[in-house]
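Here the protein sequences line up with chains A and B, keeping their order.
Heads up: the first sequence begins at 1 in the numbering used here, then just goes up one per residue.
Heads up: the second sequence begins at 193 in the numbering used here, then just goes up one per residue.
Keep in mind that the hints are not guaranteed to be accurate.
Derived CB-CB ranges, DEER-like [as the list claims (entries may be wrong)]:
no. : chain 1 : residue 1 : chain 2 : residue 2 : range
1   : B       : Ser433    : A       : Asn168    : 31 to 37 Å
2   : A       : Lys127    : B       : Lys432    : 22 to 28 Å
3   : B       : Leu265    : A       : Thr80     : 45 to 51 Å
As a list, the in silico SDA-like pairs of lysine to any residue whose alpha-carbon atoms are at most 25 Å apart [what the hints assert, rightly or not]:
no. : chain 1 : residue 1 : chain 2 : residue 2
4   : B       : Lys431    : A       : Leu100
5   : B       : Lys432    : A       : Pro134
6   : B       : Lys431    : A       : Ile93
7   : B       : Lys431    : A       : Glu107
8   : B       : Lys517    : A       : Leu100
9   : A       : Lys181    : B       : Ile516
10  : B       : Lys432    : A       : Asp65
11  : B       : Lys431    : A       : Pro185
12  : B       : Lys364    : A       : Ala64
13  : B       : Lys431    : A       : Arg97
14  : A       : Lys181    : B       : Thr267
15  : A       : Lys54     : A       : Arg160
16  : B       : Lys400    : B       : Arg388
17  : B       : Lys364    : A       : Ser96
18  : A       : Lys181    : B       : Gln518
19  : B       : Lys294    : B       : Glu254
20  : B       : Lys431    : A       : Leu67
21  : B       : Lys432    : A       : Ala186
Don't read these hints as lab results, they were simulated from the structure.
Note that CB positions come from ideal geometry on N, CA and C, so glycine has one too.
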Amino acid sequence: MPRRRILVLVVLGLTLVLAAVLFFLRGGWEKPWTEEEIPVSGDTAPPPGETEMKKVLLFFPSEADELLHPEEREIVSGPTVEREARRLVEELINGSRTGLISPIPPESQLRQLFITREGTAVVDFSKEFGDRHPSGTSAEMATVFCLVNSLTRNFSSIKRVFILVNGNERETLNGHISLAKPFPPASSLIAE
Amino acid sequence: MTNTPHRPAAVLLAALLFSSLAAQQSVTVRVQVRDYPDFTRLTLESSDRLETSLTRTGGTLEISVDSPAALRLQTAPVSSRLIRSVAWGRREGRQVLTVGLKSSDFTYQAFTANRPFQLMVDFREGESAAPPPAREKSDAPPPVARTTPRPSSGVRTIVLDPGHGGIEPGAKGRFGALEKDITLAIGLKLKAVIERNLSFRVIMTRDKDVAVSLENRAALANNNDALLFISIHANGSYKKSSHGSETFFLSLNASDEEVRRLAYFENTQGELEGHLAAQEEEQDVLRMILWDMAQAAHIRQSSRLAELIQTELNTLLGTANRGIKQAPFKVLAEVACPAVLVETAFLSNPEEERRLVNDEFQNQVAQAIFQGLVSYIRLYPPEGGR
Chain A
1 MPRRRILVLV VLGLTLVLAA VLFFLRGGWE KPWTEEEIPV SGDTAPPPGE TEMKKVLLFF
61 PSEADELLHP EEREIVSGPT VEREARRLVE ELINGSRTGL ISPIPPESQL RQLFITREGT
121 AVVDFSKEFG DRHPSGTSAE MATVFCLVNS LTRNFSSIKR VFILVNGNER ETLNGHISLA
181 KPFPPASSLI AE
Chain B
193 MTNTPHRPAA VLLAALLFSS LAAQQSVTVR VQVRDYPDFT RLTLESSDRL ETSLTRTGGT
253 LEISVDSPAA LRLQTAPVSS RLIRSVAWGR REGRQVLTVG LKSSDFTYQA FTANRPFQLM
313 VDFREGESAA PPPAREKSDA PPPVARTTPR PSSGVRTIVL DPGHGGIEPG AKGRFGALEK
373 DITLAIGLKL KAVIERNLSF RVIMTRDKDV AVSLENRAAL ANNNDALLFI SIHANGSYKK
433 SSHGSETFFL SLNASDEEVR RLAYFENTQG ELEGHLAAQE EEQDVLRMIL WDMAQAAHIR
493 QSSRLAELIQ TELNTLLGTA NRGIKQAPFK VLAEVACPAV LVETAFLSNP EEERRLVNDE
553 FQNQVAQAIF QGLVSYIRLY PPEGGR
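Pulled out of the complex, with its shape left as it was, chain A reads as follows (with noise of 0.2 Å):
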């Protein structure tokens, strides 16, 4: 009896193994929410020794007409998609050097990006993005496809953005617009 006590408690710990494998391998592409995670001041900057650089273009709306505007920027290459992605978002934060609008709150922060199996740019603003926007259904489709069609214009592997906000859905971006499902590009606002 005692032998197949152990026997029960084996296969149980077997069990147990495999499962935290499993766990951490599917985290590899969709890694869950930790403090780790949330990227650091320096993340950004260029590691030392390899400053190899990308060009990039970013998706302003202008004074001029109802479009968005191409803006050429570098940033820094690799090493996944992911780092770059977050690196594009930062820029337009940033905002236009060229005169554009710049219809991202500037207080906002990026807080997390990562990118799904199925193409979904997950991407997750500190709460200034929805709390310093200034609303109107205008403003708040400009902000939206400045980040949509500069994320799948510039990575590929990026088919639509589902924007979450303070890690959480938020329903609406500032009392207009949907943020409850994933946005596919809008070719139709790009200016070319």
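We have chain A; now place chain B onto it with these hints.
This is chain B only, laid out in the frame that chain A set:
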């Protein structure tokens, strides 16, 4: 003795088997509340026959449900003239639905139907069982209502939704005008114009400066079986020079595959609803998809309504025509009738802000939306309740 280690495992296995069997046999019970012109109907629907008994105490009615199978209980958010709340509880092994009325001065009539099983309870205000006669306005010859076939179930409802309210101001103008105040002023004016000219019941999602959740705005339209839902807003842009009026309907913001699925729903809606009513359990998923994207089934008519309203805005306002557009508005997504959102003009543009706070301009906006509404009703005369 050697059997003892097996016993817990056997019990566990039996419990698992039993619970999975029970889960398979569980019966879904849905509760819906809908306001009609002279009564409010609560419908309790289930795929299996249920034994029910009703007990009235003061301002509450308790519906006790008995069934050999396990029950899966569902309720939608309630927003009704007479019913305050609906909640499931358990007493002496039976499921009890407690219906809270807003007043204890009510009468009710209950009746059942089968396949699927339905218990319908009609609530009326007042002690007398006789429903008050539905009054129709006879003054001011209505341009449309006269030619409109009057449904036997009574007057249809138009829901007007002044955007924002309370702690949620919406867009702000440079001179301090708030979107919530402008939308309410225009909404009240539009309500008056409709009531003066047409025989529709007009319900406002808010008629004062209060916050109302977007979910409740949609629920109000759905619970009243609304004919149309019109949300009124004033636009805000980062671009100072943005100006003009535009009318939106919902964009589904969906992948190609979802668009195909939704198009299927739109084309086969009547068929599908009949199908759903007769089916059970496995169709729950479909029904949930429909509710989640209730507006998807009405996109075509919503776009028509948007066009007709936009045409009138162009004629009457002298604002720039920004056309009809689609965007994923939370407030439109769950509305189960044709629904549009009117962006009257830009609060972020100082010149238009000045116009938006002007009483005469607000009257013109109300008049333009009203004219669009009239054109729409000529095209799609209401056929009465579902």
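How the hints compare with the structure:
In this structure the hint that B/Ser433 and A/Asn168 lie 31 to 37 Å apart at CB holds, the actual value being about 35 Å. Taking the beta carbon of each, A/Lys127 and B/Lys432 are about 26 Å apart, inside 22 to 28 Å as hinted. Distance hint for B/Leu265 and A/Thr80: a CB-CB separation of about 46 Å, consistent with the stated range 45 to 51 Å. Between B/Lys431 and A/Leu100 the alpha-carbon distance is near 10 Å, which keeps this suggested pair within the 25 Å criterion.
A distance of roughly 12 Å separates the Cα atoms of B/Lys432 and A/Pro134; the hinted pair therefore holds under the 25 Å criterion. Only pairs whose Cα atoms come within 25 Å are accepted, and B/Lys431 paired with A/Ile93 is accepted, the gap being roughly 17 Å. A threshold of 25 Å between alpha carbons decides the hint, and for B/Lys431 with A/Glu107 the separation of about 19 Å falls inside it, so the pair holds. Taking the CA atoms of B/Lys517 and A/Leu100, the gap is about 24 Å. The hint holds against a cut of 25 Å.
Note on A/Lys181 and B/Ile516: the hinted pairing holds, with a Cα-Cα distance of about 22 Å set against a maximum of 25 Å. Pair hint B/Lys432 plus A/Asp65 holds up; C-alpha atoms about 11 Å apart against a cutoff of 25 Å. Taking the CA atoms of B/Lys431 and A/Pro185, the gap is near 21 Å; set against the 25 Å cutoff, the hint holds. Between the alpha carbons of B/Lys364 and A/Ala64 the distance comes to roughly 22 Å, so the proposed pair stays at or under 25 Å and holds.
A threshold of 25 Å between alpha carbons decides the hint, and for B/Lys431 with A/Arg97 the separation of about 16 Å falls inside it, so the pair holds. Among the hinted pairs, A/Lys181 with B/Thr267 is consistent with the structure: their alpha-carbon atoms are about 24 Å apart, no more than 25 Å. A threshold of 25 Å between alpha carbons decides the hint, and for A/Lys54 with A/Arg160 the separation of about 22 Å falls inside it, so the pair holds. Distance check on the hinted pair: B/Lys400 and B/Arg388 sit about 21 Å apart at the alpha-carbon level, within 25 Å; holds.
At most 25 Å may separate the alpha-carbon atoms for a hinted pair to count; B/Lys364 and A/Ser96 meet this at roughly 24 Å. Annotation: proposed proximity of A/Lys181 to B/Gln518 holds, straight-line Cα distance about 15 Å (limit 25 Å). For a cut-off of 25 Å, the pair hint linking B/Lys294 to B/Glu254 stands: about 15 Å separates their Cα positions. For the proposed pair B/Lys431 and A/Leu67, the alpha carbon gap of about 11 Å is at most 25 Å, so the pair holds.
With a C-alpha separation of about 23 Å, the suggested pairing of B/Lys432 with A/Ala186 holds against the 25 Å cut-off.
Consistency note: the structure conflicts with none of the earlier hints.
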